[in-house]
Each structure stands twice: as structure tokens, then as C-alpha cells.
Amino acid sequence: MSDALENGMRAAREQLGLTQAGLAERVGVSRKTINTVENGVFIPSTVLALRIAAALGQPVESLFWLPKE
Amino acid sequence: MSDLVERAEQRATGRAWVLYLLAATVVASSVLSVGARADDTTTLGSWLVMVALVLVTLSPLAARFPRTPLTALLEDETTRDHRRSALEAGFWAGAISAVATVAVAAFEPLSGPDVGRVVLGAALAAALGAFATLELRAAR
Numbered sequence: 004m005s006d007a008l009e010n011g012m013r014a015a016r017e018q019l020g021l022t023q024a025g026l027a028e029r030v031g032v033s034r035k036t037i038n039t040v041e042n043g044v045f046i047p048s049t050v051l052a053l054r055i056a057a058a059l060g061q062p063v064e065s066l067f068w069l070p071k072e
Numbered sequence: 024m025s026d027l028v029e030r031a032e033q034r035a036t037g038r039a040w041v042l043y044l045l046a047a048t049v050v051a052s053s054v055l056s057v058g059a060r061a062d063d064t065t066t067l068g069s070w071l072v073m074v075a076l077v078l079v080t081l082s083p084l085a086a087r088f089p090r091t092p093l094t095a096l097l098e099d100e101t102t103r104d105h106r107r108s109a110l111e112a113g114f115w116a117g118a119i120s121a122v123a124t125v126a127v128a129a130f131e132p133l134s135g136p137d138v139g140r141v142v143l144g145a146a147l148a149a150a151l152g153a154f155a156t157l158e159l160r161a162a163r
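From first to last, the protein sequence lines stand for chains A and B.
To convert, take the position in the first sequence, counting from 1, and add 3; that gives the numbering used here.
To convert, take the position in the second sequence, counting from 1, and add 23; that gives the numbering used here.
Just so you know, these hints were derived from the structure itself, not from any lab.
Be a bit skeptical, because a hint or two may be false.
[Unchecked claim] Partial chain B-side listing against chain A, Cβ under 8 Å, derived:
#1 S25
#2 V28
#3 A31
#4 L96
#5 E100
#6 A161
#7 A162
This structure is a prediction, so every number in the text was calculated from the model and none was measured.
Where is the CB? At the ideal position from N, CA and C, for every residue including glycine.
Please construct the entire structure, taking both the sequences and the accompanying hints into account.
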């Protein structure tokens, strides 16, 4: 079973006109956290995923999903 | 970029370069102190101080006090994950260097302090280097 997680963070962020730093400020994390989650390098914890979804105003399951196998 | 996020990014980048410098210092110190006399308290004392400083730096305590919004950003989820990965790298470097010293000792006698410096030096340098690399890579 793959541990990968896909996300639509960049599109959602750009739709709101936010930079990575701007989203980081909303979520309360560093810019590198937003960068690594967005690029799929880091899989966020449930808490962080929920906070990102809340900051982007979207349900978490529309923002993060498992890749189709 | 908000002031706090920008300051945290600058501090984290600076911290990563300091970690590289510390790793180089650990390697140099460990290499130079191998073979030092057991009663050379100056060398031993300075090496112990350096090790203590490195251990504190690798510990999450270094970024948690004082508790401010800035230190919270410096110790967020990715940093904690990077620290865990770095400590894992340090463990394996220590284990491999320990095996190597056992093998070398079969042919060339090594003193206890020398083995300790080699093993700990390898472990700390690997952990510091891994932590710095992960932090800088994430910030790109």
C-alpha cells in the first residue's frame, strides 16, 4: 500500500491569491511546511491537513486524496 | 511575506548553515583528538563542551525556549519530522562507525576514548548534516 498523498493545495491557494507565505501565516506554520506539503514531499498530520483546509475554506477531503492505484 | 514568517524562514536558514558548521567542527575535533593523551584534560574538556552544545542543538529544547510565536514556527511539524529523520541518520552512522571500529581494533589497538570520539563524532556529524540538508531543501 502506497504512502503517497496527492493534494490540490496550489490551485486552491492561487485561487485565493495567496502566496505560500501568506497561507503559512493563516495556518500558523512555516513557509517550508506549506512548500513541502504542497509538493508532496511531506505528508501532513491530520491536524495540519484540517488546519490547511480550514485556511483555504475547503473540505479536507477535496484538498487531499489518495492516488488512484 | 508576513514579518513573522519571513523572520522564521531567515532564522531557520541561518540555523541550517550553523548546523553544517557544527558538523564540520565535530568531524575536525574528533579526528584531531584521536590519539590524544588520556590525561589531556583541556582537549577532553573542550570536546565534551562541544558535544553538549551539539546535543542541545539537536534537541527540540533548543527551539522551544523561550516560547514565542517565532520559536513555534521554528519547531513546526516539518522541522520535527526533519529532526526525527536526522536522529535516525545519526543512529545509523553511529552503528556503522561502531562496527568499523570493532573491525579496525582487530588489527590496530584503539583506546576507549578514541572509539568513543569516532562513534559519537560520526553519529553527531551525520545527524547535524542530515538536519541541515532537510531544512535547506524544504526551504527552496
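So, going through the hints one by one against the coordinates:
Because the smallest distance between the Cβ of B:S25 and any Cβ of chain A comes to about 4 Å, under 8 Å, the interface hint for this residue holds. For the restraint placing B:V28 at the interface with chain A, the shortest Cβ-Cβ distance is roughly 5 Å, inside the 8 Å limit, so the hint holds. This hint holds: B:A31 has a C-beta 5 Å from the nearest C-beta of chain A, less than the 8 Å allowed. Checking B:L96 against chain A: minimum C-beta separation of about 5 Å stays under 8 Å; hint holds.
Annotation: interface hint on B:E100 holds; nearest CB of chain A at approximately 5 Å, less than 8 Å. Given the 8 Å rule on beta carbons, the hint for B:A161 holds: about 4 Å separates it from the nearest Cβ of chain A. Here the hint on B:A162 is kept, as its CB sits about 5 Å from the closest CB of chain A, short of 8 Å.
Hint compliance for this structure: every hint is met.
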